[in-house]
Structure formats: C-alpha cells, structure tokens
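Novice: Protein sequences, first through last, are from chains A and B. Count the first sequence with the numbering used here and you get residues 3 to 376, in order. Count the second sequence with the numbering used here and you get residues 3 to 376, in order.
What the hints contain is simulated information worked out from the structure, not anything from laboratory work. Keep in mind that a hint or two might mislead.
Each pair may be met inside one copy or between any two copies, as identical chains are not told apart.
[What the hints assert, rightly or not] In the BS3-like style, the derived pairs of lysine-lysine whose C-alpha atoms are separated by at most 25 Å in a straight line are:
#1 K195 x K184
#2 K225 x K91
#3 K347 x K261
#4 K123 x K277
#5 K178 x K123
Spelled out from the first residue to the last, the chains are:
There are 2 protein chains.
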Amino acid sequence: MDESIYAKRAGALVRLLPSSAETGCDGAWILKPENRRYLSGFSAEDSQFTESSGSLLINGTNRLLITDSRYTLAAENEAAAFEVYTLKKNFVDDIPDFTKGFNLHNLGFEEDFVTWDLHRKTAETLARLSPPAALTPLNGMVENMREIKEDREVEALENAADMISDILDEVISALKPGVTEKDVAWQIKGLAKEAGAEGLSFPSIVASGPNSALPHAVPSNRKIRSREPIILDAGVRLNGYCSDITRTVFVGEPDDTFKTIYRTVRQAQLAVLEKIHPSVQSTRVDAVARDIIADAGFGAYFGHGLGHGVGLATHEGPRLGPRNAVLLQPGNVFTVEPGIYIPGKGGVRLEEMVVLEAEGPRILTKNDHFYDFS
Amino acid sequence: MDESIYAKRAGALVRLLPSSAETGCDGAWILKPENRRYLSGFSAEDSQFTESSGSLLINGTNRLLITDSRYTLAAENEAAAFEVYTLKKNFVDDIPDFTKGFNLHNLGFEEDFVTWDLHRKTAETLARLSPPAALTPLNGMVENMREIKEDREVEALENAADMISDILDEVISALKPGVTEKDVAWQIKGLAKEAGAEGLSFPSIVASGPNSALPHAVPSNRKIRSREPIILDAGVRLNGYCSDITRTVFVGEPDDTFKTIYRTVRQAQLAVLEKIHPSVQSTRVDAVARDIIADAGFGAYFGHGLGHGVGLATHEGPRLGPRNAVLLQPGNVFTVEPGIYIPGKGGVRLEEMVVLEAEGPRILTKNDHFYDFS
C-alpha cells in the first residue's frame, strides 16, 4: 500500500474528530497497534503490554510517528506519510519537544487502551504546555472507521481466509485417531509458516470429545478418537489482516445425538447467511440462529455471541450477539459461528468469515468440509 | 505448589497494603496476568488485551477470583486458596454483588495496567457502594514482592534456563551457512515444544550479519553466512516461569574487529559477574560493563541497559541500567547482557541469567558456548 492510503485515512480521522465526545478534538493520539497500523502502515507489534513500539499524533497539519531508536528505521520505511520522531528520553518527558508548533487544544486518546497512569502523566504534561492541552476519550472512533473495509482490505482478508481454508483442508484430510490435540495445533502452525503467514491470528483451538464442549478449550495431550466431535478453530495473519474459521470434524460416523446437533448448527448458520443484508440489525441476525437452536431443544447450549468483526484484529466490530443492536453495513467483514455445547459430552461449532456486499454476504472462508447428516 | 503458598503470598500483600500511597489500602484488585498467577496460581492468559480472563480481590478476610464461565473450572482447579465468582453480567455491573460483605474502603489497583476507561467505570461503581469505596494506585507493590524469588521460584527459573540452554546447544551445533534466520527461529520453537515448554517466553531473536546490529531484530529470510556474527536470543516458559539467554555465534572465524568486540563484551560480562554481591547498586554494576566497553572504544555502541529481572514475566524488576539505582538483593534473578552494535556491520550480545545469593551470583543459564579470542 502506498503513502496516499494512509494520508487519506488520517485525513478522514481528522474530519471526524470534532464530533468526539462533547467538546470535540483537534488532534488524536493513537497507541493501539491495530489503529496505529491502520492509520500509518507501521507494523511493529508491542513486545510486552507495557513496552509500546510507538504512537501517532495526528491533527489537521501534522502526522507524527513517535517511537524509540529500536524502531526508527522500520517506522521511516513503513510509515512514509508520517514524520518520524525518535524519543530522546521517554514519551512523557519528550511531549514538549515533539508537540512544538502543533497548537493542540484537545487531544483525543484511546480510553480503552491507555492505562490510568500513562493518562495521568500525559495529561499533566499537556496541561503545562502553552497553550495548555487536554485529553478527551476517542470513544472508538478509529475502530469505527475500521469496521467498513476498503476493497484492498477485503482482498487482504480474503487472502488470509484462503490460506487458513487450505490449511484446514490439509489438516482434516490427515486427521486420524491417536494424534493428540497438541499435535494437530502444531501442524496448523507449521503449515501457516510454510504458507508464508506472518503468524497465527490467535492460538488454534483443537478440541476433541468432551473438550469440544468448551468454546475456548486449549489444545491438550488428549488423543483424538473416532466418532467424536473435533472442533478446529484457527486463523492466520497475512499482511496484517486476520482470518478466523471453524470446522467440526468426525473421524468415522458420529452418533445420532451429534448428527442432530451438527445438522442444527449448520441449519442455523445457513439461515443466518440467508437473512443477512445491508441495514439488518445485528441482534435480529443473532436471533435467527438462536431461535433455530432453541426450537431444536438446545437453547441452553449456545452460550456465546453469533459472530464478530475481523480485520487487523481477530476480534473487532461489528459484534453480532443478542444485545447491542447495530446495523450491518456493506464493507463489514465478520464471522457467523453458531455452536451447541453439551457439557461433559462435546460440542459443534461452524464458523464462516463473510464480507457484506450490497447484494448480501459473500463467504471468504472457502473450505467445503461440511457434513450432510439429513 | 499447594494452596498454602498462595494464601501466604496473599497474606503478605495484605500486610503491605496499608503502606500503599498516602492513605493506605484495605484491599487489592489484581488484573495483571503475572501478578494474578503469582498470588493465586490461576494460569489463564488474557486472549486479547481487552479480554481479561479474570481478576483477584484480596483483603484481610476475603480472597476472591472473579472470572467468567469460560474459566470457572480452571480457576477452581488452580486457585484453591481463592473463592471463585463467575460473572453474571460483566465485571463493572457485578461489583455490588461480588463485594457484598467485603466492607471495602480503599482498594489498591494496578495503575500501569488498568485502562483509563475501566478505572473510571470501576471507580464510579465503587463510589455508589455503601459504604463507598475508592481506588488507589498500588505503585508496583506486587511486582516488588515478585522481585525476591522464593526457593521454589528459583528452582522453576533454573529449570526454564536449563531447557533453553540445552536447546541453544542443539541449535548451535546444527548451525550452518545457507539456513535462514527464520529457519533457526522455527527450530528453536520446535525444540521448545518437544522439550515440553508451555511456549517461548518471547519471540526468538535470530539476527545475522548486519541484522545483528539491531538489538531487537526480527528473524528474516536472510541466509546465514560464515564468519559473520549471529545473535541467538531466546527463552522458554515452563510452569509459568521464563528464561532468557543470548549467545553470539560464528560459523568459521570472524575478522579481527569482531574478535575484539566479542572479547570486550565477554570481558564486560565476566567483570560484572565478579562485581555483583548483595546490596550493590544496580547503576554501579551497569557502570562496570559500560566502562570496559567505553575504554575499548565502543562506548557509543552499547545503547541498552545491562539487564532486567526475570520471573513470571520475561522483563520485570530489578532493572540494571545507568539510571534508577536500586540495591540488588539475595533472591533477585536477572540477566547480565552487555552488547556492542556497529550499525550496518553487526553486533555481539552475551546474556546470562543469574540468581543473586548471599555469596554472590549463581549462573542459571548453563550453556558454555563462548569463544576465547584472546
């Protein structure tokens, strides 16, 4: 991607800023790695939560990337639309230096990422500038921008989805009783590396038998057995963009209970895909799946939301669940992942990643490993 | 570890609390994963920064672990010294319910981890309790406790150090020109998995030739060549505890410049190990290495601190650098890692992990791959 993409995104943010909170902002301070990458192209990750690789300062006239000497070169290469400032001492102490000539008054900040202590120190230093400046919550303004994907972003997400779809194909065809969940998770990791992924977008879930009843199971040394459900939930990161897919697989034929469960989950998923169109409410989409699962008698066993947005982060907006209605819009990319989990026995989850287009949803996860237990 | 370890640690924290900030605290709210694990044994990681797997509430009479239904079972198994509360709605809304009978007034919180927004919402809800309660920064109280390792912790760290020392042995003996930095990093990951590590304690650094001049290089597709420096910096996590080691390796003989650089770095490291004893100032220890490197003419090329504590986190206290003097104490476990980095050419870093005992430092990283270029 070239410089102009980032200049445009930063410009769009600046135009939105006056609507932030009550007083409006004349600049934004961006620390969250995904927001930082979205607005500047700077791809560094934070090595530890407390060890930031840099932040952005954006207003109507300036685009500044503040980092330390470890990252200066990478920042200059990747964030051509930004001027790079290398810290002399540390972020807070250097504020008077790098804000010189900025004429800030009200700087938007990421209130759900900046720690209480960093906010306090930054606010104190900003207040001593001349003219003094203040911090105001951005209220998810950049995250909201990120929910509507540009065509180039959809393409990047589709590439990431293609990669994990192919990987699951290979994993599923090699699956046999006796291998452990950990073995399978390791195989996914190896295939992602071979395929050239930046990494996994989240630690893979490989959950077999009773473990599949835990929506967030961690791969164990349990050996896979025939006829039991095996949930494979994985994703890769490619050029910054994440993918996320789930298939539930059986080696051999499951019993009738799991056939019914599988059929119900798949039916719920297909009904949702029928229902989605621009401007539909997220809660109504969730209800389509929830009602089908409840009607089949499994209402108590679908304990999580229907889906979540995917982009530079694996989990982002829009969220599709029973609460917090939002209108789905063209350009949204999100998962549709109903599930039924019977404690102590096992579960089934099926997850597709889709982009919402004017005509309806288009599936990005092109892996056709589904059963027809009708 | 059994229940009593955690009950003891929580008890020690409660006794320290009245000294927190100016007003004193009568309880602590602990979210940071390492602090949470240290005090309770609960080992879950936070899947995303914004998605906490739980927090602790500790005071003179109560030890409560607050989590959601995904983690209830794990919490009950691992944190036997804690009562487990499963969230009904979410943390903030459930505060009145799970603090019932707690009689809190001033709750310590981790000001460098809790976000501005979570602090605001929590403080508002606490203020409406009867009697109302307030939040006060803990100022690193738990992190300070963690700096002095118990014998069982030193043992755990030694096991993690042994594992990565053996892994580097194997990696170094297999190293040959033509393999890429990424290949080597992948090999380290595979060996860690085979050896039974929980994972790497940080993404391995494999930096060859000019890349070795970047202290935080990311493994690339660059192929290793003979006679150039190759920095291998890696660690594993085992039973929660981290290790961290660096060796600089040459395939074939380096030129005289790099022989001199290597000799200087090693000499600085050995001099530091001679100098360390209980109650020595961290800045004085750092100066020992810095002076030797400066005297050899490389003063401008050692741009980072001498070392850092290692424990449940890879980077923790005590920090050994030119600023912020602290007295080193028996029970501290930290790295000694001088380095010299010549931009565009290459660098050498050597890192040992040591425990400070009454008699002096004991090296935990038992890998003897050092060169004698005298």
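Novice: Does each hint fit the structure? Answer for all of them.
Specialist: Hint-by-hint comparison with the structure:
no., hint, result
1, K195 x K184, "both (17 Å within a copy, 10 Å between copies)"
2, K225 x K91, "neither (53 Å within a copy, 35 Å between copies)"
3, K347 x K261, "within (13 Å within a copy, 63 Å between copies)"
4, K123 x K277, "neither (49 Å within a copy, 36 Å between copies)"
5, K178 x K123, "neither (56 Å within a copy, 49 Å between copies)"
Checked against the numbered hints listed earlier, the structure breaks hints 2, 4 and 5; every other hint is satisfied.
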